[in-house]
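Q: Sequence lines, in order, name chains E and R. Just so we're aligned, residue 1 is where the first sequence starts under our numbering, counting upward by one. Just so we're aligned, residue 1001 is where the second sequence starts under our numbering, counting upward by one.
It is possible that some hints are incorrect.
Claimed, not checked - Here are the simulated lysine to aspartate or glutamate pairs, DMTMM-like style, with alpha carbons at most 20 Å apart:
1. E:LYS56 - R:GLU1068
2. E:LYS98 - R:GLU1085
3. R:LYS1103 - E:GLU54
4. R:LYS1103 - E:ASP71
5. R:LYS1011 - E:GLU41
6. E:LYS57 - R:GLU1102
7. E:LYS98 - R:ASP1018
8. R:LYS1103 - E:GLU41
9. E:LYS70 - R:GLU1068
Just so you know, the hints here were simulated from the structure itself, not pulled from any lab data.
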Amino acid sequence: TQLLEQSPQFLSIQEGENLTVYCNSSSVFSSLQWYRQEPGEGPVLLVTVVTGGEVKKLKRLTFQFGDARKDSSLHITAAQPGDTGLYLCAGRSRRAQKLVFGQGTRLTINP
Amino acid sequence: GAGVSQSPSNKVTEKGKDVELRCDPISGHTALYWYRQSLGQGLEFLIYFQGNSAPDKSGLPSDRFSAERTGGSVSTLTIQRTQQEDSAVYLCASSPGRMSNEKLFFGSGTQLSVL
């Protein structure tokens, strides 16, 4: 069974602060994705990482895939209230094509 | 269509009744997923269809849950003899299905409430 553990589950910080969200597993993934979900909507893809050690940047968001392809992190610089939402990591193994999700990190950025 | 469409958007039912939830994926997408999301939580995998292959049903929580995908397009998730613990948002997603690291396109979900 592939399990993805996200931490922290809840995070509330002030506008302008930096934060990091972690996604860990004992399984190796062929690819890992980060999604963001707002209330009443389905998740929307932010990024896909496929190579161990890969780093991708999306404006103030930096995503990293662990060297062993078992973990990932999302770092947000100078958080804005618009960053508020549920952040979900999701992984797919080589053997199973299904995409499994972590339990999510609920992020609140206070003005 | 322009996106993944799910219906109904809200469903209130009584314990013990059967419900059917519908998903219209993006035209041409061969992969279709069903997930369940409890309030504010992550997504629990239910079932995955890929083309004409046998579906991956490993996430269905009990034999009260079943899903079909007709003609490689529309999918229906059926919950028989609903229980209060079935209350959740049921999300459907589709992807083109041709690559292993594809993006999933989600519908807005069906909010199921079992009284």
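Q: Now tell me, hint by hint, if it's right for this structure.
A: Hints, verified against the model:
Only pairs whose Cα atoms come within 20 Å are accepted, and LYS56 of chain E paired with GLU1068 of chain R is rejected, the gap being roughly 37 Å. Between LYS98 of chain E and GLU1085 of chain R the alpha-carbon distance is near 24 Å, which puts this suggested pair outside the 20 Å criterion. A distance of roughly 18 Å separates the Cα atoms of LYS1103 of chain R and GLU54 of chain E; the hinted pair therefore holds under the 20 Å criterion. Between LYS1103 of chain R and ASP71 of chain E the CA atoms are separated by roughly 19 Å; this keeps the pair inside 20 Å, and the hint holds.
Between the alpha carbons of LYS1011 of chain R and GLU41 of chain E the distance comes to roughly 16 Å, so the proposed pair stays at or under 20 Å and holds. Of the supplied pair hints, the one linking LYS57 of chain E and GLU1102 of chain R holds, its CA atoms being roughly 19 Å apart against a limit of 20 Å. Between LYS98 of chain E and ASP1018 of chain R the alpha-carbon distance is near 27 Å, which puts this suggested pair outside the 20 Å criterion. About 16 Å separates the Cα atoms of LYS1103 of chain R and GLU41 of chain E, which keeps this hinted pair within 20 Å; it holds.
A distance of roughly 33 Å separates the Cα atoms of LYS70 of chain E and GLU1068 of chain R; the hinted pair therefore is violated under the 20 Å criterion.
In this structure, the hints that do not hold are numbers 1, 2, 7 and 9, in rising order.
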